[in-house]
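The primary structure of each chain is shown beneath.
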Amino acid sequence: MKLIKSIIKPFKLEEVKEALSEIGIEGMTVTEVKGFGRQKGHTEIYRGSEYTVDFLPKVMVEIVVPDDIVSKTVEAVVKAAKTGKIGDGKIFVIPIEEAIRIRTDERGDGAV
Amino acid sequence: MKLIKSIIKPFKLEEVKEALSEIGIEGMTVTEVKGFGRQKGHTEIYRGSEYTVDFLPKVMVEIVVPDDIVSKTVEAVVKAAKTGKIGDGKIFVIPIEEAIRIRTDERGDGAV
Amino acid sequence: MKLIKSIIKPFKLEEVKEALSEIGIEGMTVTEVKGFGRQKGHTEIYRGSEYTVDFLPKVMVEIVVPDDIVSKTVEAVVKAAKTGKIGDGKIFVIPIEEAIRIRTDERGDGAV
Amino acid sequence: MKYWYKIVLIMSGALALTLAPAFAQEEDEAPTRESLIGTGLITEDEFAAFEDDGLSVEEIADQVGLKAEYMEMVEGHGFHSYAFDFFVVSMLWTVMAAALVFLMHLGFATLETGMTRQKNAVNVLFKNVFIISIGIVTYALIGFNMHYPEGDWIISNVFGLGSPIADLNAGLGGTFGYGGVGLAMTGYGDFIFQAMFAATAATIVSGAVAERIKLSSFLIFTLVLVALAYPIAGSWHWGEGFLAQLPTGAFYDFAGSSAVHGFGGFAALGAVLILGPRAGKYLSGGRMRPIPGHNLPLATIGVFVLWFGWFGFNGGSVLSAEPQDLGLVFTTTAISAAMGALAAMMTSWMLLKKPDITMALNGVLGGLVGITAGADAVGPWGALFIGLVAGVIVVFSIIFFDKVKIDDPVGAISVHGICGIWGTVVLGFMVEDISIVSQVIGTVAFCGFAFVVAVVIALILKALMGFRVSPEEEEEGLDLSEHGEEAYPDFGKVTG
Amino acid sequence: MKYWYKIVLIMSGALALTLAPAFAQEEDEAPTRESLIGTGLITEDEFAAFEDDGLSVEEIADQVGLKAEYMEMVEGHGFHSYAFDFFVVSMLWTVMAAALVFLMHLGFATLETGMTRQKNAVNVLFKNVFIISIGIVTYALIGFNMHYPEGDWIISNVFGLGSPIADLNAGLGGTFGYGGVGLAMTGYGDFIFQAMFAATAATIVSGAVAERIKLSSFLIFTLVLVALAYPIAGSWHWGEGFLAQLPTGAFYDFAGSSAVHGFGGFAALGAVLILGPRAGKYLSGGRMRPIPGHNLPLATIGVFVLWFGWFGFNGGSVLSAEPQDLGLVFTTTAISAAMGALAAMMTSWMLLKKPDITMALNGVLGGLVGITAGADAVGPWGALFIGLVAGVIVVFSIIFFDKVKIDDPVGAISVHGICGIWGTVVLGFMVEDISIVSQVIGTVAFCGFAFVVAVVIALILKALMGFRVSPEEEEEGLDLSEHGEEAYPDFGKVTG
Amino acid sequence: MKYWYKIVLIMSGALALTLAPAFAQEEDEAPTRESLIGTGLITEDEFAAFEDDGLSVEEIADQVGLKAEYMEMVEGHGFHSYAFDFFVVSMLWTVMAAALVFLMHLGFATLETGMTRQKNAVNVLFKNVFIISIGIVTYALIGFNMHYPEGDWIISNVFGLGSPIADLNAGLGGTFGYGGVGLAMTGYGDFIFQAMFAATAATIVSGAVAERIKLSSFLIFTLVLVALAYPIAGSWHWGEGFLAQLPTGAFYDFAGSSAVHGFGGFAALGAVLILGPRAGKYLSGGRMRPIPGHNLPLATIGVFVLWFGWFGFNGGSVLSAEPQDLGLVFTTTAISAAMGALAAMMTSWMLLKKPDITMALNGVLGGLVGITAGADAVGPWGALFIGLVAGVIVVFSIIFFDKVKIDDPVGAISVHGICGIWGTVVLGFMVEDISIVSQVIGTVAFCGFAFVVAVVIALILKALMGFRVSPEEEEEGLDLSEHGEEAYPDFGKVTG
Ligand SMILES: Nc1ncnc2c1ncn2[C@@H]1O[C@H](COP(=O)(O)OP(=O)(O)O)[C@@H](O)[C@H]1O
Ligand SMILES: Nc1ncnc2c1ncn2[C@@H]1O[C@H](COP(=O)(O)OP(=O)(O)O)[C@@H](O)[C@H]1O
Ligand SMILES: Nc1ncnc2c1ncn2[C@@H]1O[C@H](COP(=O)(O)OP(=O)(O)O)[C@@H](O)[C@H]1O
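Chains as they are written, first to last, in our numbering: chain A, 1 to 112; chain B, 113 to 224; chain C, 225 to 336; chain D, 337 to 832; chain E, 833 to 1328; chain F, 1329 to 1824.
FYI, nobody ran anything at the bench for these hints, they're computed from the structure. Among the clues, some could well be false.
Just some of the chain C residues that point at chain A, by a computed CB distance under 8 Å [stated by the list, open to error]:
| # | residue |
| --- | --- |
| 1 | I293 |
| 2 | K309 |
| 3 | P319 |
| 4 | A323 |
| 5 | A335 |
Cut-off 27 Å, straight-line C-alpha distance, at most; resulting in silico cross-link-like pairs (DSS-like, lysine-lysine) [to be verified]:
| # | chain 1 | residue 1 | chain 2 | residue 2 |
| --- | --- | --- | --- | --- |
| 6 | A | K79 | B | K152 |
| 7 | B | K197 | D | K455 |
| 8 | C | K264 | B | K129 |
| 9 | E | K1294 | E | K1186 |
| 10 | F | K1733 | F | K1447 |
| 11 | D | K798 | E | K1235 |
| 12 | F | K1609 | C | K306 |
| 13 | A | K72 | B | K152 |
| 14 | F | K1790 | F | K1731 |
| 15 | A | K72 | A | K40 |
Glycine residues also receive a C-beta, built at the ideal position from the N, C-alpha and C atoms.
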């Protein structure tokens, strides 16, 4: 199993969720994060002084999937999240050893 | 060492924390997340129109433990977080290579 | 590639960010978290009753870097985040298998 | 479809232009210098003065017309025209005071919302909008005539059945004859001021039962309280019922420390006892875990607005613009509130080692409730004393109720109930001609009656339809479970 | 640098001490008992009474001086001194009412902010501060004299060009002669009360076009609306223009259900039609996704403040402190608002299965808008009926506009536009001497004119400079894209 | 335990029923037609008219009784009954204005809270509740009689020791004789209006020193400022001290541009200089990092409420209900505030390329502070000019103070200090009979004295107990470190 950790633009969340549903992925966990990267932050103003906000709002989507559908999942996320503009985000694939469903104590692929 | 990443129902956090304390786990990191899974979202209403909120509030607890107490830890979380109703959440076990305590530069099992 | 997951004190974020920039790291993802550890929580009061807040605000910084600069990165974080007081936080190093840049579909070290 | 509005646009434009042409203005018969002076409304000298100012005869005629109109208005008050101007000022004050008391409902709404959790905010707000609305409507339908039976009792001096208000400006209702110096307002003025009071009692309960009461049951509870219980109890005192005729001397409660606040506070106590504490407040092993309110700036807004509105609550209870009383009442009200705040700040600081803003806020309110019974009967030093003690009491009272597991999220029982008793009873010791015995009887009558009624309605509702939401609904929050709405859907949210 | 303040400190201290020495106070010629009684301002008996009270001759002289001053003040009103006291009360009420109407702008600001998303909060607030400010200034510069042309028409009974206000207290402007019983205020009182009204119409639009309109275009739109369109339309009715002279009988709109609210609501409709709905509200496949407001406590504050301010809006429209009207207007206003709330609560509860706070809030406003036209013309039962229907209408209207893709985040079109029509037209059926035909003509004139003007300005602005922000700016939020500022920079944030 | 309430319930019920029996109402001696007409209070015709209206003799007797009561009330004012009605209106306005000025403290509380960070919100709110409370209490204890020494100076025309207020309605205190046209209120009216003013100066400081001042030190600082410094300085001008007697002509400051706002602003400057800037505002290398306020809707509420309250601040300073002044003052106040907002909007937009809401808000306040000195002395065009310049000044001033590292989170020094000077001094150039020299002297006296006093107290407190929290406490936020409380414990929180 792998943990697919994607950092995407917030307004793309809905599309990513639908793309994943379409390929049969039924679970995911979403976190609001701030990203720092090539995409520059923006300038804000307050009482006459400008200042830069370096961190941009991003959404992190974490999905655990069996090994065989990892690439399908990655492709789905890439397709749905891409705008082609800088700051679209990253996907990281991380190996995981075990998954447990708390409700049933199921383990392994069946748990996700 | 392993990173035990548990997604649980928010109101179970207190019990999970206490269960972990009981088995001697002294550290953990908690994040507020939104979960999407088998548990259906709920319907909200606003000015006469209904709409579905798919994402449910969950809490992610991340705990790094030495290899030997992984299963004890997982069991403790499962026991404390279980309600038996859908949406109880998941536990993912992820291998980690190194842990460092910033304050002392300690590494390995001693750092957590 | 490795995912370097650091939990630090919130007011150290700016310094950590600068330290990382200095060694050429251009991307990171930041999450607001609550930490539980050796550092005791504080006591709050409300309408005549005291209660303890166990969870302290922390910031989690996640950075994916090629294998060769892992130790340099860890050192930079340790140096910038250290105050020497309890609660400075941890760094966890996690192996990752693949990284993809959504915008370009680049993979591997070039994606981060 | 997309262009339908263009048609509307063109048609409306056309219509407006069609309607525009000026209609000829008809002229009145031209007045003359003689005809005007002949009316006796203007003297030769006055006429000349106008002419010197460059006014034409038509313009002077207009001015004379104004005088005629004014005379007619004053004469419209007939026998009572002697007090016309005083009556006009007093009536103005009455409706302004009514508006201020109305605004107290904003104060309650924000205080209660701020002192409870985010997940119940919509519910608290909804209840507050409901209370003031149902309060006004039922007061028109039955409350007003039940509150002031004017001798029309069913059970003598205890209970008069209310009827809908009729045209209150009819007869003497629109003149000084309606109530004279002691009630210098029109009938509608009387109604609207009292209507704003009526909903207050129910609002007080709202905060105490928040975060767990079932919405539909609360609405019915409120309805009974505001439509029946409050006016019945009120008739005993302000409706010239038995409390106004005690053999020990009339009960004294200027603006309602007992009649409104004590009543509300003890109705709250009754409801809370049946309801039980919020889940999570009392842990196993007797430990208690405070449940902090989610928005203390909002709660603070509430208290400032309540203080502001209280100038209308107490000041309006002068029932005229009599200047000596007005100044005194404003002064005692402000001093007691201020001293209540300082006392609560110091008490909580010494007791709890930290200066607690919620205690400071409750101190303000305790001082205000305390002075309400005697705002016109004590001087500034009396007010200082009443506020001081109220500020101390309120802190201990809140801690006490928390200890005995009577869970009151906003402190309504302590603020309104306990400080209401304090403010009423102490007058027996401070003011000559006010009998301690009468004060105790009156206080017990209001608080006891409110408590009994609350317990009875609550038990009935509990049996019939449930008084409290399910544990799951409480855990989820009443906003989602009862309203399907969130108070702050945007904050810290990834997606709706 | 670090110590420069010490120099300032020492110098200021020295200066203060230098300035301190007491200057000798000059004494007036000493008055005597005889000289005082000789003035005719005090009788022997009165003098003796003062002496009994222990006053010295100087002190008695002071008291006589006060009398002289007072006499002079009253006589300053010349021919009009007969109504001096009534005039003083009425004027006081006028400026108080102006302050209350001013406060409605706080109500609008918070309601609109609460009903829209966090990312546009600064923009909404900025617009509201702008509107009231530009409203007051342009009303002084041209609006007031355009609104009340006093016969000085360019197009007879339709359009009079405004000039800046002059010294409004000059001539009769500071006396009862300015307007008599029907307008018992000074010229400045008249101005300030009407100025506060003027900005209301534009504020109504602000909520409906929120979250997508370009700031600069909105400012120009508002400027035209408030500086030109509103006073022109207003002159037709309150400026004694053609609506006051209809052959079917004068159009009746007491405080402006149509003249202010209908006008604002239909201007909003025009602007919204050109603007289109917010991105994300209507999904492909005809589905609609509500966009919840981000802060319902804030929205509720807004509605309570509006209700409070409305007592000034309607009550002030009595234009004097005439006590009978004042009591009636306060009563009908409160009852209609309360009934509107209850009706909207019940309607939405039955219709949507959930008690929706936003509908309750709109019900209050619907009731208030509805009663505005006839607050002095119907009694409490009329008010109950008008509020009831308004509360039902508003729910259906909001759902309707949502269905036909007219996206109005705060419900302004329904509340002000539709309920404005309801309140105005129904008077033709309820009140004797009010002609249905005139009511319809007046309503159409105001609403139609506002709609046409709004569409025309919007189209011009769209062509010249764009009326709507880019999709990217809308997505990012107007706070960042237009203002570079966030409303809540701290909340749930790791770092600024 | 669980059932104790049932006992209370039963007992209360029993008691209420016991108390209920009606007590026989005693009847007065029956009046007759003759006895009534014999009183001379009713004529035969009037009696007949009542009878025609269907009133019984008893009811007519009640009406005659009202007249007798009214006569008695008016006669109670003795020699001063000639001005009874004017006095009643004026007094009503005074207490209403006092309530409005009170509400300004809500404005300050929300403005300051909104403009600072979340982690210090409770602290800011606590300070504001404290300030108004201690202000009222100390003003009663010593302030009022120090502010108005009535010739009872210790150092002639500079300093009079205050004593606690006595019964202010005694003697002439409750009649027109207290102050006449120029001060038409009772003694309590005078007190309460001035008491609300007193706390304002201290509140101004509160915002400027926020987010870093030690709570206990601030409370003492406030105490000294409000109890001693403000009334002493005030006595120089409003207490008929040396500024009222300058050889160059009396200093003119209608409602306190210098006496209140300049005073507060420069006290703030003094305190800020000793305190130093907030940690994190000035970075190494001379860079500056703005620290945005956490809740701009809250700040906007504050400014609207302040504007509303300012109608009482300036309008109440007429000190009677004199209609000409009232209308003028409301008009100039509104125009200057509006123009200040527009000017600040435009200035900041041009200067900074973005329309900044915080600058717009400060523009409103700058305009209000500016007009305060001359609200009754200039006309609408003067107000437009004063507001325009104030709106421009305030933007530059805020940027300037930021540059020179005088860190003032809410802009109090610029708004109150700098615009206070502007509004006071400019009168010397705009209004005949006002001496430029006197204006400069007065302004320097108030601002200089406030500055010196603030610096001295601050230095003493710094030496004795510390004036600023530790860097750790500042980092953590004063809410947790000083109060152990959070303002929004729920928002974005996993767990308490
Ligand atoms: N090395 C990294 N480690 C962790 N997160 C990263 C890293 N680089 C980028 N990110 C995340 O991805 C987001 C997008 O990256 P950015 O460099 O701005 O654009 P792009 O992915 O289009 O090149 C960042 O805001 C950050 O959240
Ligand atoms: N494949 C997955 N990857 C990551 N998180 C998941 C996955 N499936 C479920 N989750 C998380 O676990 C939560 C509970 O899952 P759900 O399917 O609703 O119930 P259950 O675990 O009882 O079967 C979800 O809300 C989501 O946060
Ligand atoms: N075993 C662990 N797993 C995950 N996070 C941990 C663990 N131990 C500590 N942390 C995180 O590190 C933070 C600091 O740890 P703490 O024990 O308080 O201090 P220190 O790192 O100085 O020993 C905690 O608040 C928590 O967020």
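Chain A contact restraint on A323 (chain C) - CB to CB distance below 8 Å: Because about 5 Å separates A323 (chain C) from the closest Cβ in chain A, which is inside the 8 Å limit, the hint holds.
CA of K1609 (chain F) to CA of K306 (chain C), is that 27 Å or under? Answer holds: K1609 (chain F) to K306 (chain C) is near 22 Å, not above 27 Å.
For a C-alpha distance cap of 27 Å, please report whether K264 (chain C) and K129 (chain B) respect it. 14 Å, holds
Need the status of pair K72 (chain A), K152 (chain B): alpha-carbon distance at most 27 Å? 25 Å, holds
Hint status (Cβ of A335 (chain C) to nearest Cβ of chain A, threshold 8 Å): 6 Å, holds
Using the nearest Cβ pair, does K309 (chain C) come within less than 8 Å of chain A? 25 Å, violated
With a cut-off of 8 Å, does the beta carbon of P319 (chain C) approach a beta carbon of chain A closely enough for the hint to hold? At 7 Å from the nearest chain A Cβ, P319 (chain C) passes the 8 Å test, so the hint holds.
Check the hint pairing K1733 (chain F) with K1447 (chain F) against an upper bound of 27 Å on the C-alpha distance. Holds. K1733 (chain F) to K1447 (chain F) sits at ~22 Å (cutoff 27 Å).
Less than 8 Å between beta-carbons is the criterion; does I293 (chain C) satisfy it with respect to chain A? 16 Å, violated
Pair hint K72 (chain A) and K40 (chain A), alpha-carbon separation not exceeding 27 Å: 31 Å, violated
Need the status of pair K79 (chain A), K152 (chain B): alpha-carbon distance at most 27 Å? 26 Å, holds
Between the alpha carbons of K798 (chain D) and K1235 (chain E), is the straight-line distance 27 Å or under? 40 Å, violated
Figure legend: structure checked against the earlier numbered hints; hints not met, in rising order: 1, 2, 9, 11 and 15.
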